[in-house]
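Here's the letter readout for the chains.
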Amino acid sequence: MKIIKTRGPEVFDIELEKDLLAKNRRLAKENRKRFDRSNILTIDIMGSIGSGKTSLIKAILKRLGMGKEVAVIAGDLTTTIDAERIETEGARVIQVNTGKECHLDANLIRQAIDRMKLDGVKLLFIENVGNLICPGEFPLGAHQRLVVTSVTEGPYTLMKHPYIFREADIIVLNKIDLAKAMKVVPSKLEKDARKINPDAPFIRTNALRGKGIPEVIRALGLKI
Amino acid sequence: MHEFSISDEIVRTVLDTVEKNDVGKVLSIQLEIGELTLLNAEQVTFWIHELFKGSAAEGAKVIVKTIKARIKCESCGYKGGLTSGQQDHFQHPIPCTCLKCGSFQVKVEKGRECILRKIQAMR
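Heads up: the protein sequence lines correspond to chains A and B, in order.
The working numbering puts the first residue of the first sequence at 1207, with every later residue one more than the last.
The working numbering puts the first residue of the second sequence at 179, with every later residue one more than the last.
Hints listed in this document are in silico derivations from the structure and should not be mistaken for laboratory results.
Yeah, the Cβ is synthetic: ideal placement off N, Cα and C, and Gly gets one too.
Zero decoy hints are in this set.
Okay, the calculated bits of chain A under chain B, using three or more residues with CB under 8 Å as the criterion:
id	segment
1	1217–1226
2	1307–1316
3	1329–1343
Take these sequences, add in the hints, and give me the full structure.
The structure is reproduced here in structure tokens:
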């Protein structure tokens, strides 16, 4: 820290140059190193409230049948509803209640992995808080970031939230069975996705029925 | 949307510095916020003023400077700003394509910061 005196002896400047968002990015990198050392493929699942994040994780777990080799960090404001839903699929689950915070951050994940028994775990899902804004700005150290959106969110979600879809490695359009009822054209949403993020695979799913789940699993680089 | 938590961290850093540097009163703080962050400067300023209340920094001026976005194109090497992409209704710059060659392989060099640059204080 450099102290520069200006305007006489009483008033002075303290130069800090502290980047407050960089702190999270640094912690995320440390988390990534820990995942790499333990050979744990980590996937951050983001998406809006009710888009089907938990249902998608459940469907993937059911299909993989890896039992306790999979761990899930379930982020939520205050309930354990999602954690309980996932637990029925046999994975190890830890709940992170953010209290009032609208997103998980790298520090919360670090604390969660400190508390978890990760020996034997090969795959870790982090279910972020339902939100399309903040999580995009807070990397957690995951190897891949998947964003779930659903046709029930209407036809403009991707264009309205380009930041988070730009961050995504995989984009999932869920509740595809309801597209007609919602008067949403999936190919239009796919076109929006291509515009914002041409590299990310765009996969249509009906998580409750397991439709599209093998494609998601393949896109994550996993074997069924 | 996470203005409160960031503001809280800024205030903690300022008050921590105040304690370590024998400061009587904070006159102003200088922030720099990148235009690609999802932080609204007006909300950040509001929360900082609120959180400063009752401390040595109560009433301090909060100066916010915007850091313009800068991208680097991996395809053609272009370095520079972004368009706001208004043709797609985007009112804020989105790092999508290179201005020069249209490639999607752009890397963000600047615009994602939230920096507490300087504190002006009195003994």
